[in-house]
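Residue numbers (this note's numbering), protein chains in the order written: chain A, 1 to 318; chain B, 1 to 318; chain C, 1 to 318; chain D, 1 to 318.
Everything labelled a hint here was simulated from the structure, so no lab data went into it. Be a bit skeptical, because a hint or two may be false.
Straight line, CA to CA, 25 Å or less: simulated BS3-like cross-link-like pairs of lysine-lysine [to be verified]:
1. B:Lys158 with D:Lys158
2. A:Lys158 with D:Lys158
3. C:Lys158 with B:Lys158
4. D:Lys158 with C:Lys158
5. A:Lys158 with C:Lys158
6. A:Lys36 with B:Lys36
Residue-level listing of the chains:
Number of protein chains: 4
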Amino acid sequence: MVSPSERRIQSASTPLPRSLRGIIPPMVTPLLDYDKLDAAGLERLIEHLLRGGVHGLFILGTTGEGPSLSYRLRRELIERTCRQVNGRVPVLVGITDTAFVESAQVAGLAAQAGAAAVVLAPPYYFAPSQAELLEYVEHLVRQLPLPLFLYNQPSQTKVLLEIETVRRAAELPGVVGLKDSSANMIYFHRLVSLFQDRPDFTLLVGPEELLAEAVLLGGHGGVSGGANLHPRLYVQLYEAAWGRDLDRVAALHRQVLQLSSGLYSLGGPGAGVSKGLKCALSILGICADSMAEPFQRLDPSQRTRVEQQLRALGLLSG
Amino acid sequence: MVSPSERRIQSASTPLPRSLRGIIPPMVTPLLDYDKLDAAGLERLIEHLLRGGVHGLFILGTTGEGPSLSYRLRRELIERTCRQVNGRVPVLVGITDTAFVESAQVAGLAAQAGAAAVVLAPPYYFAPSQAELLEYVEHLVRQLPLPLFLYNQPSQTKVLLEIETVRRAAELPGVVGLKDSSANMIYFHRLVSLFQDRPDFTLLVGPEELLAEAVLLGGHGGVSGGANLHPRLYVQLYEAAWGRDLDRVAALHRQVLQLSSGLYSLGGPGAGVSKGLKCALSILGICADSMAEPFQRLDPSQRTRVEQQLRALGLLSG
Amino acid sequence: MVSPSERRIQSASTPLPRSLRGIIPPMVTPLLDYDKLDAAGLERLIEHLLRGGVHGLFILGTTGEGPSLSYRLRRELIERTCRQVNGRVPVLVGITDTAFVESAQVAGLAAQAGAAAVVLAPPYYFAPSQAELLEYVEHLVRQLPLPLFLYNQPSQTKVLLEIETVRRAAELPGVVGLKDSSANMIYFHRLVSLFQDRPDFTLLVGPEELLAEAVLLGGHGGVSGGANLHPRLYVQLYEAAWGRDLDRVAALHRQVLQLSSGLYSLGGPGAGVSKGLKCALSILGICADSMAEPFQRLDPSQRTRVEQQLRALGLLSG
Amino acid sequence: MVSPSERRIQSASTPLPRSLRGIIPPMVTPLLDYDKLDAAGLERLIEHLLRGGVHGLFILGTTGEGPSLSYRLRRELIERTCRQVNGRVPVLVGITDTAFVESAQVAGLAAQAGAAAVVLAPPYYFAPSQAELLEYVEHLVRQLPLPLFLYNQPSQTKVLLEIETVRRAAELPGVVGLKDSSANMIYFHRLVSLFQDRPDFTLLVGPEELLAEAVLLGGHGGVSGGANLHPRLYVQLYEAAWGRDLDRVAALHRQVLQLSSGLYSLGGPGAGVSKGLKCALSILGICADSMAEPFQRLDPSQRTRVEQQLRALGLLSG
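Please work from the sequences and hints to get the whole structure.
Written as structure tokens, this is what we have:
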């Protein structure tokens, strides 16, 4: 465990802004094999994202195949990412786990490496009650050396973070925001309404197809998978929505829909988003497309279709 | 990784019988705190179980809160359990994980400690397709130093091991059986039917309320949670069903229903079975009742009700 | 509404036995077209079933496509069935509906035609709470001219009849039993245990693959879809289980598994049981195989496979 | 069945506009008792809605408790509603049913009464495949005397109308739009994108909390439950979104959230929306608050809370 004074020092290199806003891509994890990081690809990917203007990076999330990676590889990824980013934007690190101790340990590694915050979805083998979930967050927060974002991801974890649970968890020290991947905008709007007097509590939407409306109606940004591939598109959509330029929002929103509908369904429901993104990134020469078990890269015929999509999106010439 | 020749040596101390049969309790993990093993309680619990005549032990399963435990504690539990059992019955070790590498590593520890087999449910954060699941098992089996039991646990993993997937996985070297916790007896009967000419493939039922019919209609035994508390009851029920003594089956089956309906619902759906069993075991002086996060022990009023249940079951006098 | 004195007279021709036991097939509805009854086929089917020794008939259930039929056709089916049966066995009539008034009206038709009882699953568009469900049954029972069987069918109705709800509903006048199609034998065993001192409350199991264990462990019979095709097989299995002849149970149980696994999966999950049964019955010359909307009969290649199944089961020569 | 030429005549009194736009409230069904229409309340409610500027009425939907009403009452409601509206706005009539014939018959009644269109969700006892669903719509459309809106309502019907199914159904003659109550805005946006070149195909969103974004991003209006109570609020929100007045949208959207979060959760998940709306309407003296079985009106303490909500919304003075 880390003392409060140490905490400030460790994360000094990339402090979390008082109110995080914008596009924080859930970075895919470039792999040469199921347990071998593509270190060169990782560097290129990070530079690609920062050039695109993203406002932060989120590693070890769902799109990053976090739970599928060995702890050794998670550590390597955290360290290399923080070193490469080098304070240019805040790095958020997923610590979701079924084991409390392992969540705390990954958070410790994140703090040592200079990450800005950690991100936690409910433990996901057993389904806790809301009371158990709140108590869990209370216990864990005491051991965390970094600020915490809650992560609502019911399709993977089987448990919804209910509004009342979020309200109470948000009162704990160090709980600074929430990423909602439920795709339920009624839920998201209720959170925006609940936290309208707390601009320091950051509300980010997961599915990129919902980024436009989330920001138009009071949300603070998005953890958009497609920003791995085309960061500027998502940054521009965020800025257009923030600036209330509805014509521009409509045009960029359509591009996002085109990208997501063309790319994510090829690889099946389990990890189709990551498979599609990695395939596209490898076509563009940015990083390798190996997947962590239990998944495999797209096959050659699917890869051809991804190439067609990239041409249609103007991301590949010829 | 371990070479084939090493495999035999490592597991020599507690070889898996050619055809495992009987009651293999899913052992609760005695804890003094969420990350502190109750080592003395563990010894007493193991002796309690072996005195009750059980045919094996299964550690790090659902009832054992496996996914909630730190890897350090999992290792300690494996080593202490194998040492205490010392070859008297086979020890099966749960290796279910979201990360392929961690499953393989726990399997390695199990082999070194002298366990007889490992048990694997599908990786449970992402939901793989049946084809992906089969490929996953194929890849993992190559790295396993011990025989493998499949584990069908759809309510926790979100994925059913479909009959055809089991059929094909059972053809892989080292895949020796399946534990079914789906509570779907149509599924279980279809498996019995499918494997009727393969007596070496062991079919075990999870829910203890289904033990009677599973054995009466061709299954080989049960991984019965209640056997933690009252091992002899479950061994007797197994023997009565195996011996087709229907009067005795009916009487013992009723006792099992009484135990499970009285004990498991107090602690809520998430981990009510483990909470009830640990509370009862602590009342009987066998081991402590701490739970791993995100769960907590039953409260005093619930404990009083467990005492009443133990009296009604004849397990507590006074 | 019907006065209490009328009730007795109307159902006098086919009284419900004090304790219904045995095989009560959920009769398929023979159709020439989606809204045209196959009247001659219906007569042949009823005689086929009665020759097979069944202990009752259940019409307008799930297998009978009850909710898909027009009320005009439901009335015709009730009248023709009761007339043809003519008191030889009790006829049970499904009255499950989303509209309270329509349930009561079909019950009235059933009583006038001489049916013995009605069968009610929860209303299935809105999902009521357990308290609302109990109140609904209380209100409806007051208007019913015939005894009532509850029907637990959560996969279609989205609502489980919880044990406590059944316990309280069973205290209402006229509620005489329950058919459980949940395929959850833990639930069924708990009901058997709850009603062990009330032999007048009949507990029937839906899925035929669970008939053997249901009767071996205290249930009273089955509403077995396959009995439409091969009534004697199910009657024999029921009798073997009732008589505790385990060798015979095992052999007949295997035949039931063979029939159900071969026949019901061809037509998809929605109405595969009815499609398979109707196809087989039409091959045997018993009745037509038209389905009610939104379903269609099996296609010629599937029909060929059904013929093969019938040969394998010894029901078709050549 | 009705010939094409008759169709035009029958619906002449309230023709469907070429492209329906705006707020079409899913009207609650005012009841004096579970099977007794509140005819005077119905008149007052319709005038209340039309005074509020709504662009159409949708009767016999989910909020209208359609499936819970007797067919006699459905007919009475259709006739009285069409007579009272008298061509001032188009009336849409829900014909969702488990029985094909009953859907067609209610559609016939709607046409005779002068309704403008009918609305159909998938049949909801059995879960058809997408192919079966499409075939069902094809068969039914041939018998319909009025244009058809599809209705995606997976939480009640268990079946999603997949995008491809909608695409193909929209090519059938007479299929003119879709109401989406899935609360899944990714799905809705994909439909908007799919039909961007077909302005005659009307896309309406169900949940009122999603009205703002649905219209901002290309949808055509909403079937908003709260418009029963406060029609002008929803009409104004629709107009603000249509006119791209984002400040006004934000303010009105917040009012909608306040109304829905305060009013709909009191009565439980099954029919809480209808219970809350009817209670509020009865407090305002517009209509009675009886519910159709299996539901009951809110109790006095809940009614007091509804009164408080109405005061907070400025709909009740004092």
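(message) Check the hint pairing Lys158 (chain D) with Lys158 (chain C) against an upper bound of 25 Å on the C-alpha distance.
(response) holds, 9 Å
(request) Please work out if Lys158 (chain C) and Lys158 (chain B) have their alpha carbons no farther apart than 25 Å. (result) holds, 19 Å
(message) Checking one constraint from the list: CA of Lys158 (chain A) to CA of Lys158 (chain D), max 25 Å. Satisfied?
(response) Distance ~19 Å between Lys158 (chain A) and Lys158 (chain D) Cα, so the pair holds.
(message) Hinted pair, alpha-carbon criterion (25 Å max): Lys158 (chain A), Lys158 (chain C). Please report holds or violated.
(response) holds, 18 Å
(request) For the pair we were handed, Lys158 (chain B) and Lys158 (chain D), check the Cα-Cα distance against 25 Å. (result) Measuring from Cα to Cα gives roughly 18 Å; hence the hint holds.
(message) Would the hint linking Lys36 (chain A) and Lys36 (chain B) be met if the CA-CA limit is 25 Å?
(response) This hinted pair is violated, its Cα atoms lying about 33 Å apart.
The structure fails to meet hint 6 from the earlier list, while all remaining hints are met.
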